[in-house]
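4 protein chains.
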Amino acid sequence: MANVAFFGLGNMGGPMAANLVKAGHSVKVFDLYDQAVQQLLEQGATTASSNQQLVDGADFIVSMLPAGKHVEGLYLGEDGLINYIKPGALVIDSSTIDKPTVVNVASALAEKGINFVDAPVSGGVGGAIAGTLSFMVGGEDADFATAKPLLDNMGKNIFHAGSYGAGQIAKVCNNMLLGILMAGTSEALQLGIANGLDPKKLSEIMLQSSGRNWTLELYNPCPDVLENVPSSNNYEGGFMVDLMAKDLGLALDTAVNSQSSTPMGALARSLFAIHAGQGNGKKDFSSIFKMFDKE
Amino acid sequence: MANVAFFGLGNMGGPMAANLVKAGHSVKVFDLYDQAVQQLLEQGATTASSNQQLVDGADFIVSMLPAGKHVEGLYLGEDGLINYIKPGALVIDSSTIDKPTVVNVASALAEKGINFVDAPVSGGVGGAIAGTLSFMVGGEDADFATAKPLLDNMGKNIFHAGSYGAGQIAKVCNNMLLGILMAGTSEALQLGIANGLDPKKLSEIMLQSSGRNWTLELYNPCPDVLENVPSSNNYEGGFMVDLMAKDLGLALDTAVNSQSSTPMGALARSLFAIHAGQGNGKKDFSSIFKMFDKE
Amino acid sequence: MANVAFFGLGNMGGPMAANLVKAGHSVKVFDLYDQAVQQLLEQGATTASSNQQLVDGADFIVSMLPAGKHVEGLYLGEDGLINYIKPGALVIDSSTIDKPTVVNVASALAEKGINFVDAPVSGGVGGAIAGTLSFMVGGEDADFATAKPLLDNMGKNIFHAGSYGAGQIAKVCNNMLLGILMAGTSEALQLGIANGLDPKKLSEIMLQSSGRNWTLELYNPCPDVLENVPSSNNYEGGFMVDLMAKDLGLALDTAVNSQSSTPMGALARSLFAIHAGQGNGKKDFSSIFKMFDKE
Amino acid sequence: MANVAFFGLGNMGGPMAANLVKAGHSVKVFDLYDQAVQQLLEQGATTASSNQQLVDGADFIVSMLPAGKHVEGLYLGEDGLINYIKPGALVIDSSTIDKPTVVNVASALAEKGINFVDAPVSGGVGGAIAGTLSFMVGGEDADFATAKPLLDNMGKNIFHAGSYGAGQIAKVCNNMLLGILMAGTSEALQLGIANGLDPKKLSEIMLQSSGRNWTLELYNPCPDVLENVPSSNNYEGGFMVDLMAKDLGLALDTAVNSQSSTPMGALARSLFAIHAGQGNGKKDFSSIFKMFDKE
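Residue numbers (the working numbering), protein chains in the order written: chain Z, 1 to 295; chain C, 1 to 295; chain R, 1 to 295; chain S, 1 to 295.
Next up, chain Z with everything else stripped away, as it sits in the complex:
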């Protein structure tokens, strides 16, 4: 069993850390919110009063933070972990951030002999609790091999996408495509409905035809076609419009930086941003279906 330091105990990070404790690791945790720390202590984690003490003796440092600036601050900022992590330890950053930040942090750590993988996740809060997340990992083969057993304690599908930052890119591509699938499936169903088709029947036909896709199969945006999905629960729960808009924004930034053209992804970003701007930011992202309603 390993010594782990875990930073960031939010909706995702909290249950991920808890799964590491359950798996028998010795886990020291930190979060700006005492309550989040307290909850983990009750489940068997420990904590410490300084960054130095938190990473003292740690073989793995896991971080799950909101944005690139937080990751940069934690590792490279004032009193940054870079000063305390022991050479040979492995940093696993599961935050969803931009690739340039990943490369910047990984390079700085490498100069001190500290290893790094980026390992953003998909699967949501439910997957974090159940330990069934997907991890998209960027980094060297050896580091991926070292990280894998730990990631197995928190997830089900562990992919090695390539070198530093490749995990972030894979996630950005996948989520951009997801946004496209959801918007496209929504308007196809609405076009059918407006022309007299039953959405259940149309969904069934397209699922067995070339329109088949993940959203149609597991996350139908039309109410009452599938049970136990957000659309059948007033678009509550699930993956928020604001988060999809954020991920699509990250995809656009990535496209702009690499001179790539992503017309469908750019349009999907515009649609979700309009939808968020109309007061739907906290609803599930399948509510984009409602944008194509006719009053």
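Calculated directly from the structure, the hints in this document are not laboratory data.
Copies of the same chain look alike in the list, so a pair counts if it works inside one copy or between any two.
In silico lysine to aspartate or glutamate, DMTMM-like type, Cα no more than 20 Å apart, as pairs:
{"#": "1", "residue 1": "K69", "residue 2": "D253"}
{"#": "2", "residue 1": "K200", "residue 2": "E140"}
{"#": "3", "residue 1": "K112", "residue 2": "D79"}
{"#": "4", "residue 1": "K201", "residue 2": "E217"}
{"#": "5", "residue 1": "K148", "residue 2": "E204"}
{"#": "6", "residue 1": "K69", "residue 2": "D98"}
{"#": "7", "residue 1": "K200", "residue 2": "D293"}
{"#": "8", "residue 1": "K201", "residue 2": "E140"}
{"#": "9", "residue 1": "K294", "residue 2": "D242"}
{"#": "10", "residue 1": "K86", "residue 2": "E140"}
{"#": "11", "residue 1": "K112", "residue 2": "E72"}
{"#": "12", "residue 1": "K156", "residue 2": "E204"}
{"#": "13", "residue 1": "K200", "residue 2": "D141"}
{"#": "14", "residue 1": "K201", "residue 2": "D141"}
{"#": "15", "residue 1": "K86", "residue 2": "E111"}
{"#": "16", "residue 1": "K69", "residue 2": "D79"}
{"#": "17", "residue 1": "K294", "residue 2": "D253"}
{"#": "18", "residue 1": "K22", "residue 2": "D152"}
{"#": "19", "residue 1": "K112", "residue 2": "D56"}
{"#": "20", "residue 1": "K112", "residue 2": "E140"}
Everything numeric in this text was worked out from a predicted model, so none of it was measured.
Dock chains C, R and S against chain Z, hints included.
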């Protein structure tokens, strides 16, 4: 076994008629090209020298024509079949045409006691030959039940989408979604490639994640990820760009007529139309992937 | 002065006919609504009880109807005007309709020796009343020359766009571009506002720079930048969203029929259709500005 | 007359500095390319061998650099100008960069008592040489007033857009709108051409109608409608596709950062990026017209 009259022996209609012959039906065929007729005669069909004789005694009349005006002409035009088909017979029109034409023809036939279903197909020439087409059928329950055994001889999935014209609408919705999936998957893969990912690896990751869709699974647009798909064969064979552009145009017309908004489908139509305009109309539609290349 | 028969006395047709009366022509009028006819009689027009009598002796027949089917019905339908108009007379159809209908009607009339121009207008109800409409005319040079003096009584700019149907195409192109200008100007202004700019100041800057366009100059979509425009009057009056969506739909149909790609126009159509679907169909089309608001 | 230090003597910066010399100012210049410096020396500028000496005694420091990182490096980097500029002097940065960098640099300078305005330009190389550039200025009223006489020596329209960074935002909004106008005008003209209209005639009609805009008036993208524009010169000269794609990328980043939705601008960016990727990056941006050609 039934008496069938079959009109339209093109790339699709020819093998469909052949499958009816193989199934043991008595099939009289017609096409403007004598050679197409000749080929079917060799396989056991018969023909006749007038519309009247062709449908004489037919229980089923099947048509597979290029556009709405041909369908209207065949049934309602000068010397139209409406004058000769016996009351109680069933017309199965498998052409991909607009719903208003379907309704117009079906209504006129109904006044003479002739039954009608629209039954457009998907599955391509390969599916027509193998008898594995999907049929999306619009019409009354009783007529669907009557048509089903015959359609089973030509296809694998036979869907009852709803009343008159519903088959056409279902096909339009599915193919619009297919166009969206193909364009979206192409740009997601290209975004990954431009940022250093291996397209095989990225495809594998997205296939097991929320980006999963029919094109990624069976028709990957990036060369050499899948074998035996058009992208690995210089984008030859398969479903032509011109045809995808036509289907997306039909989807847009349907959207305009029903005051529906289909932003993703409309953009996909623009992209495929640009691609066709740049000289790629006869290539497989997965070649849209090349539009996002960087020279 | 000429003998004119005028069909269609709606919001546009009524004041157009009135301007012909004022110019001293002898005008016989017809509309399905008696009240509309009554109003013109009070202004000096006459009427008659049959199509035959209405066009009896007419040198010019002007029509202003809602859609292609009405135009086709009036001229070619049962008891159609084609049976009564004298050879050598000139039909001026000012309805905004599709080019195929224009060509169909014009050709049928030509066989009887009746001349035809399509002459759709822009300039709105205000322009119709003031006699300052723009006419975009399709037809032969001689017919344009014949029509011009009459059109001068109803409008200010009379353009000869080309042969039959060219007037319709010119109007469709212009109005598609107008939709693009309005949507694009709206989002540019909103982007500035979201980043702290004063919309008046930004409008002034762009008006003197390369962003200058008709909407920015005469029809600013941001409230209180210009006086006496719909945006400063709660988006009332002006050109309705429903009508802009209709014109953009006509543009898309034209693009589909000619295998043209109009990505910006197709997107504008989607945005206006969504906006209409959200209950804004009767507002002025500059209200698309509100779609980019953030709550 | 003022003491000016000028950094960045590229295609734009070189002639701008030359105009300051012509106006009688005492100008010290610097560029990484000796040849660029040499050219200015011949026109009456001076230079110096260190940053310290270059800004020694300068009332104005003007910079014209390619990207935000260069601006940050020049002022705040190692041996940065912040260490040498005298309190009370005014920095005028005319680079086109992102607002966050502007705010960062301006704030750092302010702490040392150094004043700052951002003043990006439009008008191209021709405008830089002729001294007819437009400047969009962000900064405090007093600093704008101080900068104005100097900017008048280099430009014609000097706009005060708002506080720090507002100049950049105004430029981004205007250029995004310009990209939309150019793409939209191109496809409207092509739609007309595909339906038989003469592009000259159509341009003339739209110029006098509600489709009027800067590109139609001064920069028609269809060859041989206007003389002396890039489209009539094989799309050479003018404003490169690569630069338009860059500005639209900056607009998208701005939209993403402010949660704004800019669907038309995002689509325009995709189209120009595709066009650049197809080998047209060095052509004038009006060549987007060719994308809508049909082979």
